[in-house]
Amino acid sequence: MMNFIQTLGRNTRGSFTKLGRATFFLMQTATGVIEILPRPRLLLKQLYSVGVLSFLIISISGLFVGMVLGLQGFYILSDFGAEETLGVMVAASLVRELGPVVSALLFAGRAGSALTAEIGLMKATEQLSGMEMMAVDPIKRIISPRFLAGIISMPLLAALFSAIGIIGGQIVGSGLLGVDDGAYWSQMQAKIDFQDDIINGVIKSLVFGFVTSWIALFEGYDAIPTSEGVSRATTRTVVNSAFSILGLDFILTALMFGDD
Amino acid sequence: MSDSVRSQNSLVAVRGLSFLRGDNKIFKDMYMDFERGKITAIMGPSGTGKTTLLKLIGGQLRPAQGSVTVDGSNVHRLRRNELFVLRKRMGMLFQSGALLTDMSVFDNVAFPLREHTHLSESMIRTLVLMKLQAVGLRGARRLMPNELSGGMARRVALARAIALDPMMIMYDEPFTGQDPISKGALVHLIKSLNETLGLTSIIVSHDVHETAAIADYIYVVSDGRVIGEGTPTEIKQSSSEWVKQFMDGSADGPVHFHYPAKDLQDDLMSTGKRY
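Which chain is which? The protein sequence lines are A and B, in order. Here our numbering runs 350 ahead of the position in the first sequence, where the first position is 1. Here our numbering runs 244 ahead of the position in the second sequence, where the first position is 1.
Because the hints were derived from the structure by calculation, they are not lab data. Because the structure is a prediction, the values reported are computed rather than measured. Backbone N, C-alpha and C define an ideal beta-carbon position, used for all residues, glycine too. Mixed in with the good hints there might be a few duds.
[Unchecked claim] Calculated pairs, DSSO-like style, for lysine-lysine (alpha carbon to alpha carbon, straight line, at most 27 Å): (1) K282/B - K490/A; (2) K490/A - K506/B; (3) K427/B - K368/A; (4) K506/B - K282/B; (5) K427/B - K506/B; (6) K368/A - K332/B.
[As the list claims (entries may be wrong)] Only part of the chain A face toward chain B is listed, based on derived beta-carbon distances under 7 Å: (7) E476; (8) G480; (9) M483; (10) A485; (11) V486; (12) V589; (13) N590; (14) S594.
With the hints as extra help, turn the sequences into a complete structure.
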């Protein structure tokens, strides 16, 4: 029993200490972001590796998710003779929920894990230490550009996911199942609200981009500098990002759509 | 040379330094002086915290007690930006080289110049080629770090360490894992760089012969203390059992080869235990 309480106490204290370190790390990173703004080249390079390289996985996943939505939506809506509203259903699901959430989960798996492994290995091979000894702050030079690139990329990738998903829904809905093409688009145009749906979706993906990049970079920076340590940190990035994305999605949805 | 003259002329002075890792005392009350323009070596068995000492001098770790002064400034009393100003004048050669793996050899050497100066690209090119020429790798400038051998990587790291013309360089185990040719080349390079650039060098090493060949002064460290110091000749003639054992590389002596354990026979006879 004493052992259990001791372990519980130690783990709780450990978690809070880590949270403290993560917060301090975030503050340093945020300060660094302001300082790297005059050096757009650093940011561009990271936008490429974090954002552009995630393009393919996001596009293909978006297409399939949209196609499945078209298929499922059609079967349900046609029971009520409401298949003309398929466009609204597909677009609302994607823009409000699936776009930001699924693209963030994919982003955590594709870019987040890569960031953790990269930073963790840089630490293990003394590259971060070496940079410090060259009087270059690794947080400013390495972490901040990646953090900013993550925040910028995420809403763009989510928008891409939703757009391609809507096209996927249209291919299945009107291309294969015979929903009227005009109705698909016009219903969508009429019912999807820029403020309520699109802007809220963008806010969600900004938050997810922020949290995922923070977790990924911190886990890499805080990793034990061994192969096992880096591998554990990479796993933690994916698991913790997924939990945070899904948990925050619930909170944000409750806040945004609660009064409707 | 007398101790007072050495301490007056020292660029780096370590005074009463103690350092703990957890409850483990790595250093106990260390005193050292690293003279300007000279090569000073810190030697000792593996695991005595020699690399830790370099990190303490570079301000990457904080001591429990005592001070480290570099060119008149107490390293651990400086603010972060002041420490960074000081570090621009200190080069460090890591054991692994610590090259940035996403950059070519050229860009690695140019890295500190691009970060800390506003020189034009053509000026940077000239400087980088000169530094690479000094380590014999001008022809390898387009290679990536993963295409280099261990010895080449260390030479590139050396070119990078001297890119900003520092006042001192700290070498962390420069000879470990090198073939005899690279080892010989590095020994020669460290000596010639020290002379031509007027550097102060600190070498941490357990390669007795290579280090003794170029060092002006040697500290032998074991168990968190300085157990012997002097010029290479003095060290070789030392009467201390510890120093003798280290310099001769014998397994018997005050430094134990075996990690503390219970009697071998008892250990073998205690069956039923997993470890």
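Evaluation of the provided hints:
no. : hint            : result
1   : K282/B - K490/A : violated, 35 Å
2   : K490/A - K506/B : violated, 51 Å
3   : K427/B - K368/A : violated, 43 Å
4   : K506/B - K282/B : violated, 45 Å
5   : K427/B - K506/B : violated, 39 Å
6   : K368/A - K332/B : violated, 31 Å
7   : E476            : holds, 4 Å
8   : G480            : holds, 3 Å
9   : M483            : holds, 4 Å
10  : A485            : holds, 4 Å
11  : V486            : holds, 5 Å
12  : V589            : violated, 27 Å
13  : N590            : violated, 26 Å
14  : S594            : violated, 28 Å
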